[in-house]
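J.: Taking the working numbering, the leading residue of the sequence shown gets 275, the next gets one more, and so forth.
Calculated directly from the structure, the hints in this document are not laboratory data.
Please note that a few of the clues may not be correct.
[To be verified] Each computed DSS-like pair below joins lysine-lysine, with the alpha-carbon atoms no more than 30 Å apart:
id	residue 1	residue 2
1	K555	K591
2	K559	K546
3	K541	K590
4	K590	K550
5	K590	K571
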Amino acid sequence: MYSSPMASLVLTDSSHLTSDSQHLVTIPLDKVKEEWQESGAAHHIKTVAEHYGVFQHLYGDAYFFPQVMLDVRYRQQGDDCFAVVHRGNVIKPAEAAAMPEVSYKASPDSLWTLLLTNLDGHLMLEDSEYVHWFVGNIPGNDIGKGEVICDYLQPFPPKGTGFHRLVFVLYKQEKHMDYGSFKRQQPCLCLEERTFRTQDFYRERQDDLTPAGLAFFQSDWDPSLTDFFHNTLEMQEPIYEYDFPPPYIRPQEWFPLIRPFNTYMDKYRDEKQIAKEYLLKKLKKTHPFRKPDPPPKYPHAFRMDLNLPSWLRVEKKKERLGEPCIDVLTRDALADSMFLEVVIGG
275 MYSSPMASLV LTDSSHLTSD SQHLVTIPLD KVKEEWQESG AAHHIKTVAE HYGVFQHLYG
335 DAYFFPQVML DVRYRQQGDD CFAVVHRGNV IKPAEAAAMP EVSYKASPDS LWTLLLTNLD
395 GHLMLEDSEY VHWFVGNIPG NDIGKGEVIC DYLQPFPPKG TGFHRLVFVL YKQEKHMDYG
455 SFKRQQPCLC LEERTFRTQD FYRERQDDLT PAGLAFFQSD WDPSLTDFFH NTLEMQEPIY
515 EYDFPPPYIR PQEWFPLIRP FNTYMDKYRD EKQIAKEYLL KKLKKTHPFR KPDPPPKYPH
575 AFRMDLNLPS WLRVEKKKER LGEPCIDVLT RDALADSMFL EVVIGG
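Can you make the complete structure from the sequences, with help from the hints?
T.: This is the structure we're talking about:
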């Protein structure tokens, strides 16, 4: 049998590829990070911060390129377990309950100020922040020897308010700063005393402070905050709910075209009356002393009268599935009717 020399050559090359693929390539991530920090890190961090609206809510139209890389870590349970603050990653309040470990490169004879503020968390004022940590006159990178102006307070985003941006900003000082007007008694648990505006703070001190480092994370509500509000802040836990605007309904017409009459007419009726009718219809099937009948395992297996109009068949299908037959009820009206149904029906 004829054997092509090219075929044997291909087989030989293939075996070499197989053996070569078994070798692992080790990438020194520390060196990659070092190279990134020395090359394009400042531009990348500035771009990400602009994307999250950090500069706009800190300084208005101003911005800066972070030249000092901040390493912020929250130690978790275990010696080698940390929640690291990068640029917009999510850290839960329970993970940020204790004061973080902050490090950066700086000469020992330099002075620095570190601020942590919440851009979205003020409960009373719209354009204000809460200062969660304020340390000034830090010699070099030794945070422990700095002057604690306001002690650390963990993030506490209330339930229903979504993600909050918590921003670390490192300022380089030109001289020793007097922060007496910001000094708070420790521990400071009065939220009103933690009211802060970065834009006003920096405007008054821009000749002596230069923003140099930036890191930020996002945090949203978790169950640990219930205990924090009650036992640490000693206040009721605030819970928020978005107030949706009412849906637009065009003016009623005498002869609407291509509109199902059963749902079209309901749009212009009182929602409370519709909810009442829905509730009464449900209660007719509820016995005060007997458990409700279990729903059928296969609701659509039962034959339906084909002589019924299409709109009525659709409503009966929804009724079999346990879905509300009324589509025009708002979320609040429907919830109220279902709540009454549960209370009355047991």
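J.: Each hint should be assessed against the structure and marked as holding or not.
T.: Do the hints match the structure? See the list:
{"no.": "1", "hint": "K555 - K591", "verdict": "16 Å, holds"}
{"no.": "2", "hint": "K559 - K546", "verdict": "21 Å, holds"}
{"no.": "3", "hint": "K541 - K590", "verdict": "20 Å, holds"}
{"no.": "4", "hint": "K590 - K550", "verdict": "19 Å, holds"}
{"no.": "5", "hint": "K590 - K571", "verdict": "16 Å, holds"}
The earlier numbered hints are all upheld by this structure, with none contradicted.
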